[in-house]
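**Q** Given only the sequences and the hints, what does the whole structure look like? Please build it.
Here the working numbering is used: position 74 in the sequence shown is 79, and no number is missing along the way.
Note that these hints are calculated values from the structure, not bench results. A quick note: this is a predicted structure, and the numbers were derived from the prediction, not measured. Just so it is clear, CB atoms sit at the ideal spot from N, CA and C, and this is done for glycine as well. One or more of the hints may lead you astray.
To be verified - DEER-style ranges, computed between Cβ atoms: (1) 43 - 74: 35 to 45 Å; (2) 77 - 169: 28 to 38 Å; (3) 89 - 65: 33 to 43 Å.
To be verified - As a list, the in silico BS3-like pairs of lysine-lysine whose alpha-carbon atoms are at most 30 Å apart: (4) 30 - 70; (5) 30 - 59; (6) 138 - 59; (7) 59 - 27.
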Amino acid sequence: MSEIILYFSRAGENYVSGAIRKLEKGNTQLAAEMIQSLTGAELFQIEPLVSYSKDYSECIDQAKKDQRREARPELKAYPEALEAYDTIYLGYPNYWGTMPMPVFTLLERYDLSEKTIRPFCTHEGSGAGDSLKDLEKECPGAHIGRVLEIQGGRVEASRKKIEEWVRSQA
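**A** Structure representation (C-alpha cells):
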C-alpha cells in the first residue's frame, strides 16, 4: 500500500498557546514529519505561489479574505500524480473554521474518489471546524477517516496521540 502525506504549514509568527510566537517550522509540518517517521510515507508540502505573510496579523487577514472570495491560489508545485497512492494523509491548520484555501486548490485538481484520506488538523482551540464536512464535499467517493485534531502548541508532546491515530487507521 503506497502512502503520501500532503500538508500545508506555515512557519513564522503563529498564535500558539495564547501568544504570538515565531516558529522555525509550522505546527502542521511537525505533525506531518512525525507521521512520516511512523509510516515511511512520502512528504509533500502544499505551498501557495504567493506565500502568506510571515506576520501573524497580516496572514490571518489574508487568509480570511481568501476564504471570503473562495480563492484558489496557485501553488508553487503539485504532486506529479496521486493515482499511485492508496492512502493520503492530509494535514492543515484550521484557518477560519476550515482548511486553508491552498488545500482546496490541491484537492480540486485531482480525482480522489476511491482513495483513503486520513485528515489531521492543527488548531489552537477550535478543533477541525467544518474542515471534515468541506473535505467530504471536495472529495466525493473518497473514504475519509477520522480526523486527528492536535492543538498546535502541543504538537511536539503529541507523538503518542499521533501514533495511536496512525495505528487506529491501519
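**Q** Does each hint fit the structure? Answer for all of them.
**A** Going through the hints against the structure:
1. Between residue 43 and residue 74 the CB atoms are about 37 Å apart, so this pair conforms to the stated range of 35 to 45 Å.
2. Under the hint 28 to 38 Å, the C-beta atoms of residue 77 and residue 169, about 34 Å apart, fit the expected range.
3. Restraint check, residue 89 to residue 65: a C-beta distance of roughly 36 Å satisfies the suggested window 33 to 43 Å.
4. About 24 Å separates the Cα atoms of residue 30 and residue 70, which keeps this hinted pair within 30 Å; it holds.
5. Under the criterion of a C-alpha separation no larger than 30 Å, the hint pairing residue 30 with residue 59 is consistent with the structure, at around 12 Å.
6. Pair hint residue 138 plus residue 59 holds up; C-alpha atoms about 29 Å apart against a cutoff of 30 Å.
7. Taken as a hint, the residue 59 and residue 27 pair is honoured in the structure, with Cα atoms around 9 Å apart against an allowance of 30 Å.
In summary, this structure violates none of the numbered hints.
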